[in-house]
Amino acid sequence: MSRLRMARPWSSVRNNGAVYLGFLLFTLIVLLPVYWMVRSSLSAGSDLIQLPLIYFPRPTQQNFKTLIEQVPFFQYIRNSLTFALATTLVTLVVSYLAAYAFARIQFPGSGVLMWILVLSMALPDVGTIVPLYRILSRLHLLDTIAGITLVLSSTLTPFTVWVLVSFIKQVPYEIEEAAIIDGASLRQILGHILLPVTMPGLVTMGLINFINAWNNLLYPLSFTTSPSSKTLSVSITEVFAGYSPWGKPWELIMAVGVTMTIPVVILILFSQRAVVRGLTGGAIK
Amino acid sequence: MHQVYAQGDVVYAKSRPSLLAFSKATRRRYVLFVLLVAPAFLLRLTTAAYPILQTIYLSFTNLDLIKNTNAFVGLQNYVSMPNDYGVRGALYFTIMFVAASTVLELVVGMLVALLLNASFRGVTFARTINLIPWAIPTIVAGYAFRWLLDDQFGLIPYWIHQITGVSPVIFISPSSARLAVILVHVWKDAPFIAVVLLAGLQGVPLDVYDAAKVDGANVWQRFWRITIPLVMPLTVTMGLFRLVWSLASFDLVYGLTFGGPGVATSVLALQVFREGILFFKFGFASAISVILLILVGIIGVIGLWLFRRVEVVY
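Chains as they are written, first to last, in the working numbering: chain S, 1 to 285; chain U, 1001 to 1314.
Keep in mind that the hints were calculated from the coordinates and are not lab data.
Be aware that a few hints might be false.
Pairwise CB distance ranges (calculated) [to be verified]:
(1) L113(S) x G1262(U): 41 to 49 angstroms
(2) Q61(S) x I1172(U): 28 to 36 angstroms
(3) L113(S) x P1229(U): 31 to 39 angstroms
(4) L195(S) x P1229(U): 38 to 46 angstroms
(5) L32(S) x P1261(U): 24 to 32 angstroms
(6) Q61(S) x N1083(U): 46 to 54 angstroms
(7) Q75(S) x W1245(U): 24 to 32 angstroms
(8) G1262(U) x V171(S): 49 to 57 angstroms
(9) S46(S) x I1172(U): 24 to 32 angstroms
(10) T1164(U) x L113(S): 54 to 62 angstroms
Partial list, computed: chain S residues near chain U (C-beta under 7 angstroms) [unchecked claim]:
(11) V19
(12) P33
(13) L53
(14) L123
(15) G127
(16) V151
(17) N215
(18) S222
(19) V276
(20) L279
Note that the coordinates shown come from a computational prediction; the quantities given were computed from them, not determined experimentally.
Note that beta-carbon positions come from the ideal geometry of N, C-alpha and C, so glycine has one too.
Model the full assembly from the supplied sequences, consistent with the hints where possible.
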């Protein structure tokens, strides 16, 4: 009978064996890879190649120290942060303006324009890297954070506009109407009147875009070559390409992996609801 | 009814204006609209529309930075494709990968959504950790699983050995490497599908279930006849976005197998990256991009068709 009740969020199924078994299995499958990554990043390299496997190693910070010594680790962290924050900001500003226009100014054809913009998210990003390489090189933006910020902001804009339009449409028009009658300018409306009420939507899309940018591999890997613009995602591929005497330096690869995972997991833990709201296109209110 | 509000430099209309009423106020609304959407469209035109057109053009050339050739060669890139070992393998696995992982993700996603919709102690915890696989950088997940599945010191082969006595070498045979790529993709993406399905489940009106129950529908009938159809529209929409994105992404394969063994797990996106960015064969890489674009188009059309079929009003 449990299946029926599951469709009811507040029903009284408690201590149901099947549910708890599923919960246990689910938790194990989700968290095991994460634990293994953390465990490997805190192990001495020589402990990773012991049989039987060591489940709980004596933790060491050595791998992170090695990374700091051998690669410009803090520089990469800084680059990743700059890239992710800049992309988030540019995407939000550009999308907020467009979403406002689509939500509030309607005329024949404006809906079509919006769908053209939204559907352009289906263009496979990898299919444009060759021309983008040439465009960025012509603009002298190759191997710069500004360059990869520009292209990724563009990629993230359609989905952001789509979600923000639904958020703005939920705001009663009467608030702006009153402000317009009181003589508010466009800047005042966008900046002071609509902004606070659209904040949940902006936070949601800000989080999703930050995670997307922080995780992005394609653009930094294709368009950056020097330490001043490479990101952590490029760095992990380079650490992987290296060899230690006992094969791949898994303790270092996992240390970079953990460094890349910590910020996004913290964001998820604190803002699960906001992220879910965005992932479902604003379907959950 | 046609309301126009004008004040200072802002002009608004609440309802659709008629085309005939092309007053000064209407004109200012158009100008305002254009100004607001201009940054977004400018970005998309310069970094998406124009590059895609250029990709299509380049696919008819033999532009190659290493061989230093750049001439119009017509369909030569496309004609040579069936003989290209890499592209053939990648096309085959791309289709297999997308089909298998979509089906599996929907099944696993539904199971997880049902779990997350149940009420039990720990459901908030489950909902929170559910998003972790989605949030972890794909390239990191790729490397983490490559390590977990390592033939010598990987945890999973180690467990398999302890239970069965056999030591599997996952990345050496095409079939197990493919299975690994598909399952890791499911691990990474099913949570996302689950979140979307959960949103659908929570939107199903309870009285519909009650009515069905009164009419004597059993649990399975209620699940298949009520739950599934009602969560379909949202699932198809979000599933489609996801599908199209995963078609174009190469991060997972890049980290997990880099297409190996041979090209058994290579995908078209990885092939574009290899030929274009690693070997500078811009013309040929562009032709593969066009194939990818066509594939996205086909899936988009199927998706739209599906969407129109599953739209339910309740």
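Outcome of the hint check:
1. Checking the proposed 41 to 49 angstroms range against L113(S) and G1262(U) shows it holds: the Cβ atoms sit about 46 angstroms from each other.
2. In this structure, Q61(S) and I1172(U) meet the distance hint of 28 to 36 angstroms, their C-beta atoms being roughly 35 angstroms apart.
3. Between L113(S) and P1229(U) the CB atoms are about 32 angstroms apart, so this pair conforms to the stated range of 31 to 39 angstroms.
4. Between L195(S) and P1229(U), the C-beta spacing of about 39 angstroms keeps the proposed range 38 to 46 angstroms intact.
5. Between L32(S) and P1261(U) the Cβ separation comes to about 26 angstroms, which falls inside the hinted range of 24 to 32 angstroms.
6. Between Q61(S) and N1083(U) the beta carbon distance is about 53 angstroms. The supplied range of 46 to 54 angstroms therefore holds.
7. At about 30 angstroms, the CB distance of Q75(S) to W1245(U) agrees with the hint of 24 to 32 angstroms.
8. Between G1262(U) and V171(S) the Cβ separation comes to about 55 angstroms, which falls inside the hinted range of 49 to 57 angstroms.
9. Separated by about 26 angstroms at the C-beta atoms, S46(S) and I1172(U) satisfy the suggested range of 24 to 32 angstroms.
10. For the pair T1164(U) and L113(S), the beta carbons lie near 59 angstroms from each other, so the given range of 54 to 62 angstroms is met.
11. Evaluation of the V19(S) hint against chain U yields a held restraint, the C-beta minimum of about 5 angstroms falling below 7 angstroms.
12. Given the 7 angstroms rule on beta carbons, the hint for P33(S) holds: about 5 angstroms separates it from the nearest Cβ of chain U.
13. Hint on L53(S) holds. Least Cβ distance to chain U is approximately 6 angstroms, under the 7 angstroms limit.
14. The closest approach between the C-beta of L123(S) and any C-beta of chain U is roughly 5 angstroms, which is under the 7 angstroms cut-off, so the hint is satisfied.
15. Among the interface hints, the one on G127(S) holds; its C-beta lies about 4 angstroms from the nearest C-beta in chain U, closer than the 7 angstroms criterion.
16. With 7 angstroms as the threshold, the beta carbon of V151(S) comes within range of chain U, its nearest partner Cβ sitting at about 5 angstroms, so the hint holds.
17. The interface hint given for N215(S) is met, as the beta carbon of that residue sits about 4 angstroms from the closest beta carbon of chain U, less than 7 angstroms.
18. Nearest Cβ of chain U to the Cβ of S222(S): about 5 angstroms, under the 7 angstroms cut. The hint holds.
19. With a least beta-carbon distance of about 5 angstroms to chain U, the hint placing V276(S) at the interface is held under the 7 angstroms criterion.
20. Look at L279(S): its Cβ gets to within about 5 angstroms of chain U, closer than 7 angstroms, so that hint holds up.
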